[in-house]
Structure formats: C-alpha cells, structure tokens
Amino acid sequence: MSTVIVPPVETPPPKGGRPPATAALVGRHGVRTVVLFVGTALAALVVAAPIIAIAGANPLDAYRALFEGSLGSQRGLAETLVATTPLLVAGLAVSVAFRGGLFNIGVEGQLVIGGLVAGTIGAQATLPPVVHVVVAMAGGAAAAAAWALIPALLKAYRGVHEVITTIMLNYVAFALSTYLVSPGGLLVSKTQPSATEKVKDTAVLPRVWAPTRLHAGIFVAGALVAVTWWFLFRTRAGYRLRMVGGNPTAARFNGIDPRRVTVQTMCLSGALAGLAGAIEVLGVHLRYFDSFSPGYGFDAIAVALLGAITPVGVAASALFFGVLRSGSVLLQARAGVSRDMITVISGLVVAFVAARVVLERRLSRKEPR
Amino acid sequence: MNGILSINLVLSGIYLSTPLLLAAFGGLLSERAGVINIALEGQMLLGAFAGVAAAWWTHSAVLGLLAALAVGALTGLVHAWFSVTLRTDQIVGATAINLLAVGLTSALIQPIWGQPGTSPSVPKFGRIDLPLVQHLPFVGRILDHLSVLDWAALALAPVVWIVLFRTPFGLRLRGCGENPEATASVGIDVVRVRYQAVILSGLLAAAGGAYLSLVQVGVFQREMTQGRGFIALAAMIFGKWRPVPVLGACLLFGMADAFQVRAQTAGVHLPHELLIALPYVVALAALATFVGRSSAPAAVGRAYVKD
Numbered sequence: 238m239s240t241v242i243v244p245p246v247e248t249p250p251p252k253g254g255r256p257p258a259t260a261a262l263v264g265r266h267g268v269r270t271v272v273l274f275v276g277t278a279l280a281a282l283v284v285a286a287p288i289i290a291i292a293g294a295n296p297l298d299a300y301r302a303l304f305e306g307s308l309g310s311q312r313g314l315a316e317t318l319v320a321t322t323p324l325l326v327a328g329l330a331v332s333v334a335f336r337g338g339l340f341n342i343g344v345e346g347q348l349v350i351g352g353l354v355a356g357t358i359g360a361q362a363t364l365p366p367v368v369h370v371v372v373a374m375a376g377g378a379a380a381a382a383a384w385a386l387i388p389a390l391l392k393a394y395r396g397v398h399e400v401i402t403t404i405m406l407n408y409v410a411f412a413l414s415t416y417l418v419s420p421g422g423l424l425v426s427k428t429q430p431s432a433t434e435k436v437k438d439t440a441v442l443p444r445v446w447a448p449t450r451l452h453a454g455i456f457v458a459g460a461l462v463a464v465t466w467w468f469l470f471r472t473r474a475g476y477r478l479r480m481v482g483g484n485p486t487a488a489r490f491n492g493i494d495p496r497r498v499t500v501q502t503m504c505l506s507g508a509l510a511g512l513a514g515a516i517e518v519l520g521v522h523l524r525y526f527d528s529f530s531p532g533y534g535f536d537a538i539a540v541a542l543l544g545a546i547t548p549v550g551v552a553a554s555a556l557f558f559g560v561l562r563s564g565s566v567l568l569q570a571r572a573g574v575s576r577d578m579i580t581v582i583s584g585l586v587v588a589f590v591a592a593r594v595v596l597e598r599r600l601s602r603k604e605p606r
Numbered sequence: 008m009n010g011i012l013s014i015n016l017v018l019s020g021i022y023l024s025t026p027l028l029l030a031a032f033g034g035l036l037s038e039r040a041g042v043i044n045i046a047l048e049g050q051m052l053l054g055a056f057a058g059v060a061a062a063w064w065t066h067s068a069v070l071g072l073l074a075a076l077a078v079g080a081l082t083g084l085v086h087a088w089f090s091v092t093l094r095t096d097q098i099v100g101a102t103a104i105n106l107l108a109v110g111l112t113s114a115l116i117q118p119i120w121g122q123p124g125t126s127p128s129v130p131k132f133g134r135i136d137l138p139l140v141q142h143l144p145f146v147g148r149i150l151d152h153l154s155v156l157d158w159a160a161l162a163l164a165p166v167v168w169i170v171l172f173r174t175p176f177g178l179r180l181r182g183c184g185e186n187p188e189a190t191a192s193v194g195i196d197v198v199r200v201r202y203q204a205v206i207l208s209g210l211l212a213a214a215g216g217a218y219l220s221l222v223q224v225g226v227f228q229r230e231m232t233q234g235r236g237f238i239a240l241a242a243m244i245f246g247k248w249r250p251v252p253v254l255g256a257c258l259l260f261g262m263a264d265a266f267q268v269r270a271q272t273a274g275v276h277l278p279h280e281l282l283i284a285l286p287y288v289v290a291l292a293a294l295a296t297f298v299g300r301s302s303a304p305a306a307v308g309r310a311y312v313k314d
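Protein sequence lines, in the order shown, are assigned to chains A and B.
238 is the number of the first residue of the first sequence in the numbering used here; add one for each residue after it.
8 is the number of the first residue of the second sequence in the numbering used here; add one for each residue after it.
Hint data in this document are derived by calculation from the structure and do not stem from the laboratory.
In this text the structure is predicted, and so the values were computed from the model without any measurement.
Some clues are possibly wrong.
Unchecked claim - From chain B, some residues computed to sit far from chain A (all C-beta separations above 12 Å):
1) 70
2) 81
3) 150
Said to hold, decoys possible - Partial pick of chain A residues on the chain B-facing surface, computed with a CB cut under 10 Å:
4) 402
5) 409
6) 410
7) 412
8) 413
9) 419
10) 532
11) 539
12) 585
13) 590
To be verified - With beta-carbon atoms standing in for the labels, derived distance ranges:
14) A/429 with B/121: 24 to 34 Å
15) A/286 with B/155: 32 to 42 Å
16) B/255 with A/394: 23 to 33 Å
17) A/275 with B/247: 44 to 54 Å
18) B/255 with A/268: 50 to 60 Å
19) B/272 with A/420: 15 to 25 Å
20) B/199 with A/445: 55 to 65 Å
21) B/70 with A/310: 40 to 50 Å
22) B/93 with A/492: 35 to 45 Å
The C-beta atom is built at its ideal place from N, Cα and C for all residues, glycine as well.
Take these sequences, add in the hints, and give me the full structure.
Structural data, given as structure tokens:
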C-alpha cells in the first residue's frame, strides 16, 4: 500500500479554524507504519501491565489468559474473528470521517440504530434468501446514515463541533432503542424481553466455520476494506473527501464545496457504522438485543488511529483489538481482571498515537525535504 | 401535572445544574486560554471515582472532595502536557483521557470494593442550614438546601467574570486564547498561562464529578457521569464562552434534567426510557440555534510554538 497518496497538509489552517485532526495521523511510509503500529500496540500493553497489577492480578498471567483465550483454540480463534468483524467495519467508519476532517465519536449510537433497523427488517420483511439479507443490511446502513445527517448538517451549516453533537446523539440513540424494545414498545419481541423478534432464516448471515459462531460477515468486512480503499484513493469523490479533510481552504479554491463534502463524509461514516451493527445482529445475535454492543463504536476510535486511518492498517488493528475482546472472556474468568481493562488499553493506544506527533516531528526535521 | 412545576422542580434543577456549572466553567477557562477541553467528561468521572474512593478509605466526605480536586488537577496537568508541551491534537489527546477514565474507573470497582458496577455507600457531603435565610418566602426553601459545592458553582459566574475581565491574569489568559504570539511578544509566558488554565479546568470538572457522587448519591456507579461533561461543553458553546450566558445555559439544561426526573415520578404519560433523552435533545436543539463560530476564542485549538 505504498502507493497511498496523501493530500498536502502543510499549509497553515485558516484563521479561527483548527488544523484538521487527520494531518498528523496519516501513515506515509510502509515500513515506518508497520514499526509504529507494533511499537504502539506493545507500548500500550506494557503500560497497562502495572495497572493490571494494581487491579490485583499478575500481568503475565493476565496476558497469558488473554492470548490463550483468543488464539489458543479453534473456538477462541473463531471468536477473535467474530469480534474483529464489527471492529473492522466500525474502524473504517471512524477512518473515513477522519480522512474528511471529522471526528465521529457517534459511531456507537449509529451502530445501535443500524443494528435495530437491520434486525427489524430481518424479522418483519418477507423476501427471498440473499435479497433479504442485503436489504436488511442496506436498511441498517441507510438508517444510521440518516442518524448521522443531524450532526453533519449542524457541522456544515451551523459550525457546531461534531464531537459534541455525535456524543449527544449516542445517548439519544441508546434511549430510543431501549424504549422501542421495552415492555409495550413498538418493536419488542413477544417472547424475548429487551429484544426484537428473531430474524428469519433468509436474513441470516450464514455461519462459515462449524461449530463456531464465525459468520459470513467477516467476508463482508474484508470486501469493505477493498471498497473503502478504492473509494478513498481511486475515485474523484474520495479525492474530494481527502482534500476537504487535508485543507478545506485549498479545496474551496479548487471549486469544491466543503460543506457538501462534510455532509457526505459524515453520512458515509454513519452508513459504515450502521453496517457494523447490522452485520453483528444478522450474523451473531440473530435478533436485536438492547445494548448488544460492548462498546465496539468506542474501540473503533482506537482501531482507526492505530491503523493510521488506512483501510489495510485498520484491518490489522481490528484484528489486534479482536484478540483483546475475545481474550477478555478468559481474562476475566481465569485472571480475575475486568473486561473493562480493554477500554484502558484502547485509551493508552489513543494516547500513544496522539503523542507520536512528537516523534514524527523529530524524524521529519532530520530528513532533507 | 400538579406537583411537577413546583418549587421542588427549581430546587432539583439547581442541584442538577451544579455539576454542569462546575464543568462548563472549567471548559470556559481552558478554551479562553486557547486549549479545547473535551476531556471534561473523563475528568468528571475520575473526580467522582476518586472522591468516593477517598471518602471510603478515610470516612470523610471532605477528604473525598480534596482527593477529587487533586485527581482533577492531575488530569488537567496531563491534558496540558499533551496539548501545550507535546502539541498533540487536542481532541485526540482528550479522547484518550476520556477512554482511560471509563476503563480505569470501571475496572477498579471490583478490586477495590469486591462488587461489580457500584461502590458501597460512603459519607455524603452535607447541605448547609442557614439560620435566617430559611424563613424567607420562596427563595428561603431553595437557598436553605444547598451544599458548599452548589454555592461555589453559583458563585463561579461572577467570580470567573471578574477574573477574566477585571484582573491582569484574566487579560493574559484571554490573550493566550485570542492571539498567543502577540501575547508572548509582550513578555507573557503563554505556556505557563495555558498550563494554569487547563489544570484549573480539570480541577473544576472533577469537582463537578465529585458533586454527582459525594453530594447527590453517596456512591460511585460505573459511567455515572452519563455525558454530562459534553452537556457542559454544549452549555459553554451555547453561552458563547461568556460567563453569564453560560450560567443561564447550565440552569436551562439542569432544569430540563430536573423536569425529566420529576415527570417520571409524577406519573406523566411519557415512557421514562424516552424521557431520559430529554436533556440531550434540549442541548442539541440549543446548539442548532447557534450560528457560526465567530464567538469562539480565535486561537482555540491552535498549538503555540515558541520561537
């Protein structure tokens, strides 16, 4: 992927604006990107070790349990890939937004909306095989894109920072989805509390590695990596998106309307987030459950940043966090360390990626331009 | 509907505004100095946690509050180190603090208290009985039930206004937020002023968090701040970074929250699962009326590079 083209971002930001968050996060050199990836992941695990010790467990035992649980058996390996799937798609959602200069912290809420709508279509509509699952996923993506339209418009036409609006909408999405599957709610199942009806067989993403829960969603996620790469780096729309993210002023001088592109970018990011939720519901749970996501949308921020917001980097990074997520079950059961430690590691990864600009500043000063 | 729109609504509106006020004025100080602080949420959560943990170990709510303030100042120091010294992206650095706050506080509940999700009860912060005020009509009942933190929060608007607009420190602070290069050119240490503002910001946000845990309920529950740090940021923006309008915005959002809570107990025919969303919807609606970012400090979010 050394052909990745990054728009120039060296021009100072317009007065009153802020340098796009993306500028310092984009990987430029193949080898350096890999070294930084491994270094950052290792640093996070090393710094998390004393925290695990404070929480009352032996860090070495904890990490042994973590990796044994995620990679040591067929079931563990399959569960790792099951967790990788939504992390990967949600990580792409965060990355696309970053590329367009937007920080979408609303992925978790968009993912919930996408899962709810996909689960409802899967349970209520009657359609032929294949078509049904495609329609359910498209419906989830469209609903989440519509949900993301609110912060998109507020950002583009009111100048309200998307971090605040997307967070607010997370809480609204949680409240709305909980209400719809609460007793007497519009979508609640007759037999299962806090859930929608079971999706029909025609809408299920088939299992691909019996007897595990690994489902065809992993292939959808893989295809989305390729499609996102192609869109970002091989289409005009993708170029416009990156240009607005890199330098909105330059984009405007080139006849691009940054506001329109901002709206498109946020909706595209929302659609990907919705797909992540839809795939999880149609592949793993087979019905929408209230709070089915253990925070995939928040982990996705770390996934995107560790992956240097390139589609292939995000795939690798999603696998790393998939290992952590699936290993956290044994981590809790055997080492007695709370699953929340994964969120700590996510936070450390984000902190190290943020701090990396110092390293990169130093490196770029030594290199002749 | 009788019983919803009453003096109790005003009272609980003030109670629910207090944590927002503390955090919003923290955000205001930081942003007026030129540093975005979206870490308010995580700082509140860490403050709430540290307050209860210290109160549990020492059996003293006062020591709990002091511990919360210390932890808040420490998180402010970390945020300042990232955004002022290392000059990282201020939003990304603050997101790390928010994620770490959620992860650490949730993961440590079990090891400390041996039970998941929530701490045992700890000594709560008392409310102050004022001998004369309680006999006043209407306002007497409101003013009589406030704690030290409520008073501190309500005093923040005038105090911050005076500090910002009537003291040399305030002038320097605003200078760092509007034009750090020009401010530095007259011999002011921009880095130092920004550090002070961001540390103070963390301290205030943590006080807001400690109010939630030590004054309102007397326990720590995982993720108990529920986005209040972001609602405080919304209040700061809606109040256009000015102390008195920010006070008004916090009272408005607090009142929306109080209405939501009281509507549930008063048996209004709206499902409470939906009513929970009311404060967030009100904050979003307020932001939707906001036009442009011209009122934001000109240099907010921009790193200052010393020559």
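Checked hints:
For residue 70 of chain B, the condition that its CB be more than 12 Å from all CB atoms of chain A holds, with the nearest at approximately 21 Å. Separation of residue 81 of chain B from chain A is adequate, the least Cβ-Cβ distance of about 15 Å exceeding the 12 Å criterion. Non-interface status of residue 150 of chain B relative to chain A is upheld: no Cβ of that chain comes within 12 Å, the nearest being about 32 Å off. Look at residue 402 of chain A: its Cβ gets to within about 6 Å of chain B, closer than 10 Å, so that hint holds up.
Against a cut-off of 10 Å between C-beta atoms, the interface hint on residue 409 of chain A holds, since the closest Cβ of chain B lies about 5 Å away. With its C-beta approaching chain B no nearer than about 9 Å, residue 410 of chain A sits inside the 10 Å limit, and its interface hint holds. The restraint placing residue 412 of chain A at the interface with chain B holds, with a minimum CB-CB distance near 4 Å, inside the 10 Å limit. Contact between residue 413 of chain A and chain B, as hinted, is supported at the beta carbon level, the nearest pair being about 7 Å apart and thus within 10 Å.
The closest approach between the C-beta of residue 419 of chain A and any C-beta of chain B is roughly 5 Å, which is under the 10 Å cut-off, so the hint is satisfied. Contact between residue 532 of chain A and chain B, as hinted, is supported at the beta carbon level, the nearest pair being about 8 Å apart and thus within 10 Å. With a cut of 10 Å, the hint placing residue 539 of chain A at the interface with chain B holds, because the nearest CB-to-CB distance is about 7 Å. Proximity of residue 585 of chain A to chain B holds as hinted, the smallest CB-CB distance being about 7 Å (cut-off 10 Å).
Because the closest C-beta pair between residue 590 of chain A and chain B is about 7 Å apart, less than 10 Å, the hint holds. With their beta carbons about 32 Å apart, residue 429 of chain A and residue 121 of chain B fall inside the hinted range of 24 to 34 Å. The supplied range of 32 to 42 Å is met by residue 286 of chain A and residue 155 of chain B, whose beta-carbon atoms lie about 40 Å from each other. For residue 255 of chain B paired with residue 394 of chain A, a C-beta distance near 25 Å keeps the hint of 23 to 33 Å intact.
Under the hint 44 to 54 Å, the C-beta atoms of residue 275 of chain A and residue 247 of chain B, about 46 Å apart, fit the expected range. Taking the beta carbon of each, residue 255 of chain B and residue 268 of chain A are about 55 Å apart, inside 50 to 60 Å as hinted. Checked against the given bound of 15 to 25 Å, the beta carbons of residue 272 of chain B and residue 420 of chain A, roughly 19 Å apart, stay inside it. At about 59 Å, the beta-carbon gap between residue 199 of chain B and residue 445 of chain A stays in the expected band of 55 to 65 Å.
Restraint check, residue 70 of chain B to residue 310 of chain A: a C-beta distance of roughly 48 Å satisfies the suggested window 40 to 50 Å. For the pair residue 93 of chain B and residue 492 of chain A, the beta carbons lie near 37 Å from each other, so the given range of 35 to 45 Å is met.
In the structure shown, no violation is registered for any of the earlier numbered hints.
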